[in-house]
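Using the sequences and the hints given, assemble the complete structure.
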Amino acid sequence: MHTSPIIELGGIRFDLSAILMLIVTCVIVFVIAKLATRNLSVENPGKLQNFMEWTVEFVQNLISSTMDWKKGKHFLSLGLTFIMFIFVGNMLGLPFGIVTDFHDAGHAHIFGKEIVSVTEEFAKHPDVEEVGVAWWKSPTADASVTMALALIVFLLSHFLGITKNTKNYFKHYFQPYWFFFPINVIEQFAKLLTQGMRLFGNIFAGEVLISVLLKLAALGVGGWIASALGLIVWQGFSIFVGAIQAFVFTILTMVYISQMIESHDEHEH
Amino acid sequence: MSINYASFFIALIAFVILYWLLNKYAFGPLFSIMEKRRELVTSQMNEAAQTREQAIAYVEEQKKALENARKEAYDIIEQSRQTSSKQADQIMEQAKVEASRIKEDAVRDIASEKNKAVQELRSELGAVSVKIASKLLEKEVSSDKAQEELVDQYLKEVGGRP
Numbered sequence: 000m001h002t003s004p005i006i007e008l009g010g011i012r013f014d015l016s017a018i019l020m021l022i023v024t025c026v027i028v029f030v031i032a033k034l035a036t037r038n039l040s041v042e043n044p045g046k047l048q049n050f051m052e053w054t055v056e057f058v059q060n061l062i063s064s065t066m067d068w069k070k071g072k073h074f075l076s077l078g079l080t081f082i083m084f085i086f087v088g089n090m091l092g093l094p095f096g097i098v099t100d101f102h103d104a105g106h107a108h109i110f111g112k113e114i115v116s117v118t119e120e121f122a123k124h125p126d127v128e129e130v131g132v133a134w135w136k137s138p139t140a141d142a143s144v145t146m147a148l149a150l151i152v153f154l155l156s157h158f159l160g161i162t163k164n165t166k167n168y169f170k171h172y173f174q175p176y177w178f179f180f181p182i183n184v185i186e187q188f189a190k191l192l193t194q195g196m197r198l199f200g201n202i203f204a205g206e207v208l209i210s211v212l213l214k215l216a217a218l219g220v221g222g223w224i225a226s227a228l229g230l231i232v233w234q235g236f237s238i239f240v241g242a243i244q245a246f247v248f249t250i251l252t253m254v255y256i257s258q259m260i261e262s263h264d265e266h267e268h
Numbered sequence: 000m001s002i003n004y005a006s007f008f009i010a011l012i013a014f015v016i017l018y019w020l021l022n023k024y025a026f027g028p029l030f031s032i033m034e035k036r037r038e039l040v041t042s043q044m045n046e047a048a049q050t051r052e053q054a055i056a057y058v059e060e061q062k063k064a065l066e067n068a069r070k071e072a073y074d075i076i077e078q079s080r081q082t083s084s085k086q087a088d089q090i091m092e093q094a095k096v097e098a099s100r101i102k103e104d105a106v107r108d109i110a111s112e113k114n115k116a117v118q119e120l121r122s123e124l125g126a127v128s129v130k131i132a133s134k135l136l137e138k139e140v141s142s143d144k145a146q147e148e149l150v151d152q153y154l155k156e157v158g159g160r161p
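As given, the protein sequences belong to chains A and B, one line each in that order.
Okay, so the first sequence: first residue is 0 according to numbering that gives the first Met the number 0, each after it adds one.
Okay, so the second sequence: first residue is 0 according to numbering that gives the first Met the number 0, each after it adds one.
Keep in mind that the hints were calculated from the coordinates and are not lab data.
Just so we're clear, the structure is a prediction, and the values are computed from it rather than from any experiment.
Just so you know, not all the hints are guaranteed correct.
With a cut-off of at most 25 Å between alpha-carbon atoms, the simulated PhoX-like pairs for lysine-lysine come out as follows [to be verified]:
no., chain 1, residue 1, chain 2, residue 2
1, B, K115, B, K130
2, B, K144, B, K115
3, B, K23, A, K46
4, B, K134, B, K144
5, B, K35, A, K72
6, A, K190, A, K170
7, A, K70, B, K35
8, A, K70, A, K163
9, B, K115, B, K134
10, A, K166, A, K190
11, B, K23, A, K69
12, B, K70, B, K85
13, A, K46, A, K33
14, B, K144, B, K155
15, B, K35, A, K46
16, A, K123, A, K214
17, B, K155, B, K130
18, A, K33, B, K35
19, A, K72, B, K23
20, A, K166, A, K69
21, A, K69, B, K130
22, A, K214, A, K72
23, A, K70, B, K23
24, B, K113, B, K155
25, A, K33, B, K23
26, B, K113, B, K102
Anything over 10 Å on all C-beta distances counts as not near chain A; from chain B, calculated [stated by the list, open to error]:
no., residue
27, R69
28, R80
29, E103
30, I131
31, D143
Where a beta carbon is used, it is the ideal one built from N, C-alpha and C, also for glycine.
Following this line, the structure appears as structure tokens:
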């Protein structure tokens with residue numbers, strides 16, 4: 000497996016590929032959204048506008064399925080940003096990868112800075128011949144990114160719970176009995192972890208399998224054919240997985256938010 | 000797998016910025032357009048419903064007007080039929096009266112003509128009779144007034160019988 004290009008600036012380790020891919024993803028999402036809403040028309044929408052409106056309606060239905068639309072309409076932009084960002088992010092790693100190979104620690108520099116991940120790899124395993132550094136990958140194949148997204152959902156849902164639904168928010172930690180408190184607390188963190196890790200795991204596993212299939216091509220003609228066939232199938236499946244994971248992440252966001260802002264009084268009496 | 004804190008916070012910030020940008024420059028205008036379209040569709044549907052109601056009312060009105068016109072036409076025809084039959088009767092009556100009058104006139108004319116003819120025939124017959132009698136009687140009977148009257152009287156007795 001390839002390592003990430005990590006450099007140190009002022010004692011902080013920056014993952015250049017994650018930063019690059021985050022920027023690329025954000026730019027692509029913004030450009031798509033901007034192009035789609037460039038010539039907005041009420042009566043004669045263009046193709047891109049139609050597509051964007053279809054996406055908006057998809058997210059609208061998704062929100063309506065989890066909560067009252069009156070409350071849910073404030074999260075429409077959030078849901079759209081999540082689904083577009085994650086979908087585009089998931090797709091970016093599929094078509095190609097950019098990998099640089101370093102054969103010794105001395106050459107591992109970028110912008111005059113040492114790529115510490117490479118030098119560490121050589122220090123750890125002095126017998127390896129080369130270390131590959133992946134520059135282009137899905138941003139969502141990085142646990143740091145997916146956990147950041149999950150944390151946004153976590154913070155937002157708890158913030159909304161505390162401010163909009165205070166009484167029920169604190170009460171629900173002690174339900175059905177007071178000694179369920181630790182379990183309820185663990186549940187909240189489990190939600191955070193599973194939401195981030197599910198996305199990361201799915202996309203990361205997809206990219207691992209792609210790189211494994213690529214390595215298969217080195218085994219001669221048979222390996223090359225098997226690799227090509229496997230890649231075709233797996234990339235197709237990865238598109239499906241990427242779309243599903245974007246959908247799952249968005250609907251989980253809405254479910255968690257709705258759990259926090261809906262009062263459960265009417266169900267108990 | 001390891002969490003890189005720089006990536007973590009950069010992702011956090013990048014996502015928030017992306018959300019803000021999209022909300023401001025892309026989704027906001029899009030949502031307002033979609034809302035406008037929803038309103039447009041609603042208003043057009045209302046308008047269509049209204050128009051349909053109006054059309055139904057209009058058709059109803061037209062139907063009623065047509066019905067009225069038909070009834071009126073029927074009345075007029077009926078009236079004219081009555082008038083014409085009455086007139087025809089009148090004309091027939093007049094014609095009958097005229098005909099009978101003409102017939103009566105004709106009968107009267109014929110009667111008077113006949114009388115006149117009889118009268119003439121009688122006077123002529125009288126004269127002829129007198130001539131015949133004078134021929135027969137030669138001189139005994141002269142053709143004076145007194146004798147002619149006598150013959151007339153005989154003839155009246157003879158020819159006066161119907």
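Hints, verified against the model:
Distance hint between B:K115 and B:K130 is fulfilled; the C-alpha atoms sit about 22 Å from each other, no more than 25 Å. A distance of roughly 23 Å separates the Cα atoms of B:K144 and B:K115; the hinted pair therefore holds under the 25 Å criterion. Our distance criterion of 25 Å between C-alpha atoms is met by B:K23 and A:K46, whose separation comes to about 22 Å. The hinted pair formed by B:K134 and B:K144 meets the criterion: a straight-line CA distance of about 17 Å does not exceed 25 Å.
The hinted pair formed by B:K35 and A:K72 meets the criterion: a straight-line CA distance of about 16 Å does not exceed 25 Å. Among the hinted pairs, A:K190 with A:K170 is consistent with the structure: their alpha-carbon atoms are about 19 Å apart, no more than 25 Å. Using a Cα cut-off of 25 Å, the hinted pair A:K70 and B:K35 holds, with the two alpha carbons roughly 21 Å apart. Pair hint A:K70 plus A:K163 holds up; C-alpha atoms about 11 Å apart against a cutoff of 25 Å.
Taken as a hint, the B:K115 and B:K134 pair is broken in the structure, with Cα atoms around 28 Å apart against an allowance of 25 Å. At most 25 Å may separate the alpha-carbon atoms for a hinted pair to count; A:K166 and A:K190 meet this at roughly 21 Å. With a C-alpha separation of about 21 Å, the suggested pairing of B:K23 with A:K69 holds against the 25 Å cut-off. Between B:K70 and B:K85, the direct Cα distance comes to roughly 22 Å. Compliance with the 25 Å bound is thereby established for this hinted pair.
Pair hint A:K46 plus A:K33 holds up; C-alpha atoms about 13 Å apart against a cutoff of 25 Å. Of the supplied pair hints, the one linking B:K144 and B:K155 holds, its CA atoms being roughly 16 Å apart against a limit of 25 Å. With a C-alpha separation of about 18 Å, the suggested pairing of B:K35 with A:K46 holds against the 25 Å cut-off. Between the alpha carbons of A:K123 and A:K214 the distance comes to roughly 23 Å, so the proposed pair stays at or under 25 Å and holds.
Between B:K155 and B:K130 the CA atoms are separated by roughly 17 Å; this keeps the pair inside 25 Å, and the hint holds. This hinted pair checks out: A:K33 and B:K35 have alpha carbons roughly 19 Å apart, not beyond 25 Å. Only pairs whose Cα atoms come within 25 Å are accepted, and A:K72 paired with B:K23 is accepted, the gap being roughly 16 Å. For a cut-off of 25 Å, the pair hint linking A:K166 to A:K69 stands: about 21 Å separates their Cα positions.
Among the hinted pairs, A:K69 with B:K130 is inconsistent with the structure: their alpha-carbon atoms are about 148 Å apart, more than 25 Å. At roughly 47 Å between alpha-carbon atoms, A:K214 and A:K72 are farther apart than 25 Å, so this suggested pair is violated. At roughly 20 Å between alpha-carbon atoms, A:K70 and B:K23 fall within 25 Å of each other, so this suggested pair holds. Restraint check for B:K113 and B:K155: satisfied, since their Cα atoms lie roughly 17 Å apart, inside the 25 Å limit.
With a C-alpha separation of about 11 Å, the suggested pairing of A:K33 with B:K23 holds against the 25 Å cut-off. Restraint check for B:K113 and B:K102: satisfied, since their Cα atoms lie roughly 16 Å apart, inside the 25 Å limit. No beta-carbon of chain A comes within 10 Å of the beta-carbon of B:R69; the shortest separation is about 46 Å. With a least CB separation of 61 Å from chain A, B:R80 remains clear of the 10 Å interface cut-off, as annotated.
No beta-carbon of chain A is positioned within 10 Å of the beta-carbon of B:E103; the least distance is around 95 Å. For B:I131, the shortest C-beta to C-beta distance to chain A comes to about 132 Å, beyond the 10 Å cut-off, and the non-interface label holds. No Cβ of chain A comes within 10 Å of the Cβ of B:D143; the nearest lies about 137 Å off, and the non-interface call holds.
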